[in-house]
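Chemist: The chain contents come next:
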Amino acid sequence: MARRVVISGLGVVSPLGHDITTFFARLMAGQSGIKQLKLPFLDQLSTRIGAQITDFDPSAHFSKMQLTSMERFSQFALVAAAQAVADAQLELSETEQPRAGVCIGSCLGGAGSLEDGYTEVMQRDKPRVKPLSVLLSMNNAAASHISIKYGLQGPNITYATACSSSAIAIGEAYRKIKHGYCDVMLAGGAEAMLTLGAIKAWEALRTLASEDEQDAGASCKPFAQDRSGLVLGEGAAVLVLEDAERALKRGAKIYAELVGYDCSSDANHITKPDAAGQSRTIVKALHEAGLQPQDIGYINAHGTATMAGDIQETLAIKNVFGAHAKNIPVSSTKSMHGHLMGATGAVEFMAAVLALEHNAIPPTINLHHADPECDLDYVPNQGRIGLNLNAVMSNSFAFGGSNAVLIAKRFQPA
Amino acid sequence: MSTLEIIQNMMVKQFDLKLEDLTPTAKLQSLGIDSLSVIEFMFNLEDELKIKITEERFELNTVQDIATAVDQMIAAQQGNA
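As they're listed, the protein sequences go chains A and B.
Numbering-wise (the working numbering), the first sequence opens with residue 2 and increments by one.
Numbering-wise (the working numbering), the second sequence opens with residue 90 and increments by one.
Don't read these hints as lab results, they were simulated from the structure.
Check each hint, because a few of them may be wrong.
What the hints assert, rightly or not - Pairs of lysine-lysine, DSS-like flavour, derived with a Cα cap of 27 Å:
1) LYS131(A) x LYS107(B)
2) LYS116(B) x LYS131(A)
3) LYS139(B) x LYS127(A)
4) LYS116(B) x LYS150(A)
5) LYS150(A) x LYS139(B)
6) LYS131(A) x LYS141(B)
With the hints as constraints, model all of the structure from the sequences given.
Modeler: What follows is the structure, encoded as structure tokens:
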């Protein structure tokens, strides 16, 4: 018998703030976390903008000794996890520890340390690679630090499925509880890849947004006719997922029930998004949730602001939701927090869960003239409050064709 | 400055420790300096003292152990020069 899974804690480190209250308030206010990059190698870049975190002080959270072996993406993950654990008032007894685990998504893990190592090896005659480079850069470092800190002796898994990494981390963690392998999971994503090599690689792919001439913060324009691509960001989001019975028994605050998840592949093209594959994923997630299309009150779109991506996602939503598609508010919060890559699915699912919690939907900003092929209600420029939401959905569609959809519903005890 | 003093001062900076706790006989482990931190510290010492840390494995348990090992390396490397 499958068990019910609830969300009992949230934590975030993002370009829009480092706690969920600030994060959601800024989303609702339509504030942008995208700005001129502050990086020492700026003169080597063509792009000047990013959703960079500039107000994160590692020494406020970690000792120098700890920081010796802890990369930026792990720092983000640990701070987000600490918030989520505190928020959930989570305590694990010794007997519970083996049934508690962690799933984290990340694309490039400790990109900074890896790149420093390469630079040293490739550019110097007598390279001296930092001895802890492996531990700093390994993709599973963030999840492992979380596991160690909270004594999570169950699964400790890192997912790398590009832009859907952390949505899949959350979905797979949910299944571990649902099917009885674990009782508590910390799940989310972390990314810190605003490094010279990573940014240059993205520039070369020509999918990055050009800078808005009037306002750098307005450069990411999902669903708009004048959209020009995505804006790279960094950060982390971690959720506490818990067996509903356990949460009820200890009187935990319950944000929502995670009721539906699917991951499916386009099996089509390495970059080109595919409405058919996306539709299949949405349909299967709805089926698992036991919900009808009209039950969904808000969709947090993948909405990267690439030319092809926004059209295909619009098509996919229309395929699945039919006549109801135009009635569902769909917003891309990437317009504000940027594309956090391996962390983005978790950040966006968190935005959807907070929307449900507050009955308030954050807008898609910078949307003044919609692309005629993007003809849904994208909540342009102005958030909406005083709604009556019952279920929300978050889409994550990745390079490689790995799609993930998560659905959360207001929790009703049986 | 002696090698020991250089090491003590670097430990203060790198690990945020108090100089008075860094007595020559202080155990690295009880100072919170684990084996990984020692490796990182030796790497930084190479820069500071312009020496080459040899591949030889030393038994490093105390602050003085590091100073002794480094002095041996310096002597050996100057001898070779």
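Chemist: CA of LYS150(A) to CA of LYS139(B), is that 27 Å or under?
Modeler: With a Cα-Cα distance of about 37 Å, the restraint between LYS150(A) and LYS139(B) is violated, given a limit of 27 Å.
Chemist: Please verify whether LYS116(B) and LYS131(A) have alpha carbons no more than 27 Å apart.
Modeler: Measuring from Cα to Cα gives roughly 24 Å; hence the hint holds.
Chemist: Keeping to a limit of 27 Å between CA atoms, is the pair of LYS131(A) and LYS141(B) held or broken?
Modeler: Satisfied, since the Cα-Cα distance of roughly 14 Å is no more than 27 Å.
Chemist: Take the C-alpha atoms of LYS131(A) and LYS107(B), compute the straight-line distance between them, and say whether it is at most 27 Å.
Modeler: Holds: LYS131(A) and LYS107(B) sit about 25 Å apart, inside 27 Å.
Chemist: Measure nothing beyond the straight line between the CA atoms of LYS139(B) and LYS127(A); if it is 27 Å or shorter, mark the hint as holding.
Modeler: At roughly 14 Å apart (the allowed maximum being 27 Å), LYS127(A) and LYS139(B) satisfy the hint.
Chemist: Does the structure keep LYS116(B) and LYS150(A) at a Cα separation of 27 Å or less?
Modeler: Roughly 24 Å between the alpha carbons, so the hint for LYS116(B) and LYS150(A) holds.
Hint 5 from the earlier list is the only one contradicted by this structure; the remaining hints agree with it.
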